[in-house]
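Number of protein chains: 4
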Amino acid sequence: MKPKEFPDCQAARLENSFKLTRVGVTGIKKPIIVNRDGKECHLTADIDVFVDLPSTQRGSHMSRDVEVVAEMIDVSVRKKVASLEELAAIICRRLLERHDYASFAEVRMSADYFLERRPEGGMESLEPFKLMAKATAMRGNGLMKEVGVEVQGMTACPCAQETVRKIVSDEVPGFKKFAGEVPMISHNQRNRTTLMIEVPEHVEVEADDLIDIVESSISSPTYGILKRKDEGNIVLRAHRNPKFVEDVVREILGKLLLKYKALDDSVHVTVRSESEESIHKHNALAERVTTLGELRS
Amino acid sequence: MKPKEFPDCQAARLENSFKLTRVGVTGIKKPIIVNRDGKECHLTADIDVFVDLPSTQRGSHMSRDVEVVAEMIDVSVRKKVASLEELAAIICRRLLERHDYASFAEVRMSADYFLERRPEGGMESLEPFKLMAKATAMRGNGLMKEVGVEVQGMTACPCAQETVRKIVSDEVPGFKKFAGEVPMISHNQRNRTTLMIEVPEHVEVEADDLIDIVESSISSPTYGILKRKDEGNIVLRAHRNPKFVEDVVREILGKLLLKYKALDDSVHVTVRSESEESIHKHNALAERVTTLGELRS
Amino acid sequence: MKPKEFPDCQAARLENSFKLTRVGVTGIKKPIIVNRDGKECHLTADIDVFVDLPSTQRGSHMSRDVEVVAEMIDVSVRKKVASLEELAAIICRRLLERHDYASFAEVRMSADYFLERRPEGGMESLEPFKLMAKATAMRGNGLMKEVGVEVQGMTACPCAQETVRKIVSDEVPGFKKFAGEVPMISHNQRNRTTLMIEVPEHVEVEADDLIDIVESSISSPTYGILKRKDEGNIVLRAHRNPKFVEDVVREILGKLLLKYKALDDSVHVTVRSESEESIHKHNALAERVTTLGELRS
Amino acid sequence: MKPKEFPDCQAARLENSFKLTRVGVTGIKKPIIVNRDGKECHLTADIDVFVDLPSTQRGSHMSRDVEVVAEMIDVSVRKKVASLEELAAIICRRLLERHDYASFAEVRMSADYFLERRPEGGMESLEPFKLMAKATAMRGNGLMKEVGVEVQGMTACPCAQETVRKIVSDEVPGFKKFAGEVPMISHNQRNRTTLMIEVPEHVEVEADDLIDIVESSISSPTYGILKRKDEGNIVLRAHRNPKFVEDVVREILGKLLLKYKALDDSVHVTVRSESEESIHKHNALAERVTTLGELRS
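Chains A, B, C and D are the protein sequences, given in the same order. The numbering of the first sequence is numbering that gives the first Met the number 0, which starts it at 0 and goes up by one. The numbering of the second sequence is numbering that gives the first Met the number 0, which starts it at 0 and goes up by one. The numbering of the third sequence is numbering that gives the first Met the number 0, which starts it at 0 and goes up by one. The numbering of the fourth sequence is numbering that gives the first Met the number 0, which starts it at 0 and goes up by one.
The set of hints was computed from the structure by calculation and includes no laboratory data. Keep in mind that this is a model prediction, so the values were computed, not measured. There's no promise every hint is true.
Any copy, or any two copies together, can satisfy a pair, since identical chains are not distinguished.
List time: in silico BS3-like cross-link candidates among lysine-lysine, alpha-carbon distance up to 30 Å [to be verified]:
1. Lys28 x Lys38
2. Lys78 x Lys226
3. Lys18 x Lys28
4. Lys129 x Lys226
5. Lys254 x Lys176
6. Lys165 x Lys129
7. Lys28 x Lys79
8. Lys28 x Lys228
9. Lys129 x Lys78
10. Lys260 x Lys165
11. Lys129 x Lys260
12. Lys79 x Lys176
13. Lys228 x Lys79
14. Lys260 x Lys176
15. Lys28 x Lys254
16. Lys129 x Lys228
17. Lys260 x Lys79
18. Lys129 x Lys18
19. Lys258 x Lys79
20. Lys258 x Lys78
21. Lys176 x Lys18
22. Lys78 x Lys175
23. Lys129 x Lys28
24. Lys28 x Lys226
25. Lys175 x Lys38
If we strip away everything but chain A, and leave its shape as in the complex, we get (with noise of 0.2 Å):
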C-alpha cells in the first residue's frame, strides 16, 4: 500500500482561518557530533525546530521535521560540521526545502560541553558548560545564526562587603588600618550567566570564547576539583574581585565590543546573569537585550 493511499489530513485546505508563527517539535534528543579544530566532540543535544503555517492550510507535515533533524545531522558528520549553530543553519534550511507551505524556520538546540580548566597552581579538570545555538529563516531572506553559551561561576557582593567592612572597623579598635588591605566578608554563591550572540555569514565566532569571556566577568570561575590551597585562593579571588550581576553584565557587554570590533552594528546580543543569593531564598538577575550598533552608540 503506497503512503499516497492515506488521506493527507494536515494539506487540507481551509477558509476564513489563521496563519500560525510557529509549528513544530519539541524536546528531541540527539547525539550530535562537531569537528573543533580536527577534534571530535560528542554532545547530547536538546531540539526544537518549528516552521510557520499559512493560514489556509490545516496542518504542518511534522514527521519532516524530525526527518530533516537526522538526515542532517549525518550530513553533519560528514561534513565535518564544526558547532552546533551550522548544524542549526543547515536544519533551517532544509526546513524551508521540505516545508514548501511555510515562509519561516526556527531551529533551537543545546548541549552539554566540557573544557579543561585549571585553578592556578592547582589540578586540572574537565568543567561543565552549556552550548546553546539558534537559527532562524525567512525564505527569500537569508539566514540568522546565533551562538551562546551558560557558564556557572560564582559572585561575591561588592555593598554586603562595604557594609561588613564599615561594622567591623566601628567594632574593632586599631582594625581600620588593615581594612583596605583585607578582604571582607560578604556574601557570595553560584551565578549562571548566559550570553547569546548573533554570526553573521562568513564570520567565526567561537563558543570557547564566549566562554572565556563570561569566566573573566565574574568573581571567579569555579572548579570541580580543589585542595585546600585552591579553595582558599578562589575565595580570596572572588572577594578581591566583588561584582553584582549589574557588573557582570556589563563587563561581558564591554568585552564583546573590544573582542568582536569587525561585526557589523546589527548583530544581536543578549546576556543575562542570575545569582543564587546566599542570603535571599529568590534570585538576583541582570539582562541586556540589544545589538553592538546599540552598544557601540
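Given chain A, put chains B, C and D in place with the hints provided.
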C-alpha cells in the same frame, strides 16, 4: 547606626557604561489573596520583578523590589484586588515610584488555581489550572497588563484516525459501512495550552473565561475523578473531536475574536498548544503571537 | 445504564502472577486547609497515594484513590484537621477501607508554607518553607505518620575560612592579632535542609518547631527583605557560625534528642542537608537515616 | 607552601557526636566513554558519590570524591570499561581506599543513551533512553552493583476500551459482530518505565536487553519518525495490546525470570511504570521492589 552611614554601592556613578534592560529579582514566592466576586481566593504565587537601569548608575536597589512586592500584597488584601494581573499592575506602578532612576518596570506572576468541574453525568472535582499575569510600564507612558492561563487537557490525533479508518476498512470485510459512525482509534495524549491576552485599562478579562475557551477548543477536558462510564464518554468525546495542536490554537483564536469584540485592535495575544505525543518521545507545538487587529484583518 | 453493566477489567482474576508493592496515582494537586491553633492555613498540596495489589487481581481501582483524596480533604475542612500529616493519615486509613484487596496504603504530601520572620533589627517578611507529610498503613497493624520540612538557608564553609586566615595572616604583617576577632572570608551558599520525623499516635510534633530547629542549625537563616545593615549583620552571623553540611545534620540530630525526649526509641528520623556550593558546580550533601533509639545509644 | 600547613578542619575529632549515613557530592557532570563490544559509546553522565562518616570525625574530604571520579573515568577509558555500572563499581572501591575512615561507599550514575530503532516497515532512527547504574560497598564485605534503564513508550488503557466497546455496541445497531475484530478506541499516553537489577560479580546484564524487555512489555514502543502508515500501525498495535501500568510491571517481572534464570535468588529488582494519563492531570503508577527469589517462590 543609621542606614545612611553605610556606603551605597548601588548608587555609584559610572561613566562610559551600558544601560541594562532588566535588573531585579526572580523566584519570589508569596501567599496572596484575590477577591473574585466577593469570594476570597487563596493563591501561592511565583513572582519576578524588574526595572531597567541607566548607564550612569552601578546597581539597582533590589531590596526595594521585595519590599514593594510585600507592601502591595498587603494593599491588595485591604483593597480586595480582584485579579493577579491587577496586583501585577499595582506592583509595577509602585516599582517605578520607588526606583526613581528607572524608566521601565516589569512584573510576572503565576499561581496554581482550581475550578470545580464535572464531566457530563459524573462527579464534581476541583481541577488544577495555572493563572499567569504580566504587567509592564514605561514611565509617563501608561501600563500594559496581560492575563493568562495554562490548561491541561487531551488531544486525539485526526491524522492517525483517518489512516486507521482506511487500514481497518480494507482489512475487515463489511466494516466499511460503520466506519463513519464508529469513532476510530488514534493516538491521544496530555496537552498543555497557554493563552495570554492583554487587558486594556477599564476592561475586564476573566481568567475563568479564558480557561473555558481553552477547554472547549481541545479534544476533551480532563478530570480527576472518572468512574467507568465517565471515562468511556470522555474517550468517545475526544475521538469524535480529534484535534491537531494547529486546530487547537486556531479555534482559540476564533473564540477570542467572538468573545472580545469590544477590545482594541492593538491588544496582544499569544496562544501556544503543546501535545506530549503518546507515539513519540518529543512534543508537538503550535503557537501564534499576534494582535487582535491582525486576527481581524 | 448502571456502572455495574460495564466490564470491571481491574477485578479480573490472575493466576501465576506477581503481587505489586505500590499501585496508585502521583501528582494530584489540591487546595487544602489545615486549622492550626484556630487559624486557617491555606495550602496547595501535591499528593501521591498508593496501595499494594495481590497477585490474583489484575488492577487497582485508581479512581477510588482520587475520590478518597477529595472526600478526605472535605472531611478535613469540616473536622478542622490540624496538620498535613493528620490529613495524610486520614486518607491512608480510608484507602484501606475502599481497596478491600489491599493490605498496605501509602500517602505522600508536600506544600509550600509561609512563616513570618524578622532578622534582628530588620523588617518582617513572609518566608517560604516546604511542609511534607507521609503516612503508611498495614492492614490490622496500625499506621505510621511522618511530618517533615524543607528549609532554605545559608552555610559558610569553616575549612576555607581557616585556610584564608592562614594565608592572610602570613601575607599581611601585623594582621595576626586581629585574625581571631575579625571574621575571615569564606565561600557561602544557599543550603537546603530537609528533616522528617515519625509522629507516634497521640503525640504532636509541630512543623514550626522543626523549621526552628533547622534554621538554628545552619550558618544563618535567610530573609526576603534585608536593608543594608541587616545584610551586613546576616553576613557577619554566617561567618561567625561556619558550618559544614555534616555539622548541620549533627546539630539538628542533637536538638531533636533534646526536644523530643518523650518520643519512643523506635521513632524514625531522616535529616539531609545539601549546600549548593558557590565554589563548585556540584553540591555537597550529608544525610542521616536513623531512629531516636540509635541516636540515644 | 605545603598543603599540610593549612589546618585540616575536616579531620577535627568529635566527642559525643553522631555518625552520618551519607556524606558526599551530588550533581557532578562528566563526559565518559564505555566500550561496548569494541564500539566506543560517548555518554554525558550525572554522578553522585557518598561515603559514611564515623561519629568521631568532623568532616569528609569531599575534594577526594571528585578526584576519584575524575581519575576513575580516566582509568575506565584506558581499560575500556564496558558499562556504566562497572565504572560505578570502580569508583565505589576507590572511594573506600581514599576515605580510610569510611566503612560504606555509594555511587549513582545516569546518562542519556541512544539505540537504533525501526518501526516495522518504517524508517530507522536513533531513539533516546536513559542508562542508570548504582554501586554500594561495605568495607571488607564485597560490592553490590545495579544496572538500570528508563524507557519511554506508550500504554493504551484496557478498561476504557471495554467500556467503549459496550457503549458503541449498544448504540450502533449491527456493529456488535465487529466489536471483537475492530480495535476499540481508548485513552493512550506517554509511559515512563524504569527497571533496575542487581548485577552479581562475574555476571553480565546488558542494558540493551533490559530496554528490549521494557519495550516489549508496554502497549507499543514509540519512534521519532513515523510516516502516515507507520503511525497507523503503531496505533493499531497499541490498541491490540492494551496495558495497565500493573500489566507492564508484571510482564517485565515475568520476562526477567525467564531471561535471568542463572541469577541468584538474592538479586534485587525494582520495576516502576508510570503513565502520564491522557484523561487525567495526574499519573498512574505501579511498582514492585523485590528479589528474584521472592518472584520465583
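- Task: With 30 Å as the alpha-carbon cut-off, assign the pair Lys28 and Lys254 to within, between, both or neither.
- Result: between (33 Å within a copy, 29 Å between copies)
- Item | 30 Å Cα threshold - placement of Lys79 relative to Lys258 | Classified as within; 26 Å inside a copy, 42 Å across copies.
- Task: Check Lys175 against Lys38 for me: Cα-Cα at most 30 Å, and say if that holds within a copy, between copies, both or neither.
- Result: neither (55 Å within a copy, 51 Å between copies)
- Item | Within, between, both or neither, where Lys129 and Lys18 count as close if Cα-Cα is 30 Å or less | between (34 Å within a copy, 27 Å between copies)
- Query: Using 30 Å as the alpha-carbon threshold, which applies to Lys260 and Lys176: within, between, both, or neither?
  - Reply: neither (44 Å within a copy, 51 Å between copies)
- Alpha-carbon proximity between Lys78 and Lys175, which holds within one copy, between copies, both or neither at 30 Å: neither (64 Å within a copy, 51 Å between copies)
- Message: For Lys28 and Lys38, with the copy left unspecified, which applies at a CA distance of at most 30 Å: within, between, both, or neither?
- Response: Intra 22 Å, inter 21 Å, cutoff 30 Å: intra and inter.
- Task: Give the relationship of Lys28 and Lys79 under a CA distance limit of 30 Å: within one copy only, between copies only, both, or neither.
- Result: both (20 Å within a copy, 26 Å between copies)
- Check Lys78 against Lys226 for me: Cα-Cα at most 30 Å, and say if that holds within a copy, between copies, both or neither. between (43 Å within a copy, 27 Å between copies)
- Message: Please sort Lys129 with Lys226 into within, between, both or neither, judging by C-alpha distance up to 30 Å.
- Response: within (25 Å within a copy, 33 Å between copies)
- Message: With identical chains, the pair Lys129 and Lys260 could be close in the same copy or across copies; at 30 Å between alpha carbons, which is it: within, between, both, or neither?
- Response: Classified as within; 25 Å inside a copy, 44 Å across copies.
- Quick one: Lys260 to Lys165, C-alpha cut-off 30 Å, is that within a copy, between copies, both, or neither? neither (42 Å within a copy, 45 Å between copies)
In this structure, the earlier hints numbered 5, 6, 10, 12, 13, 14, 21, 22 and 25 are contradicted, and the remaining ones agree with it.
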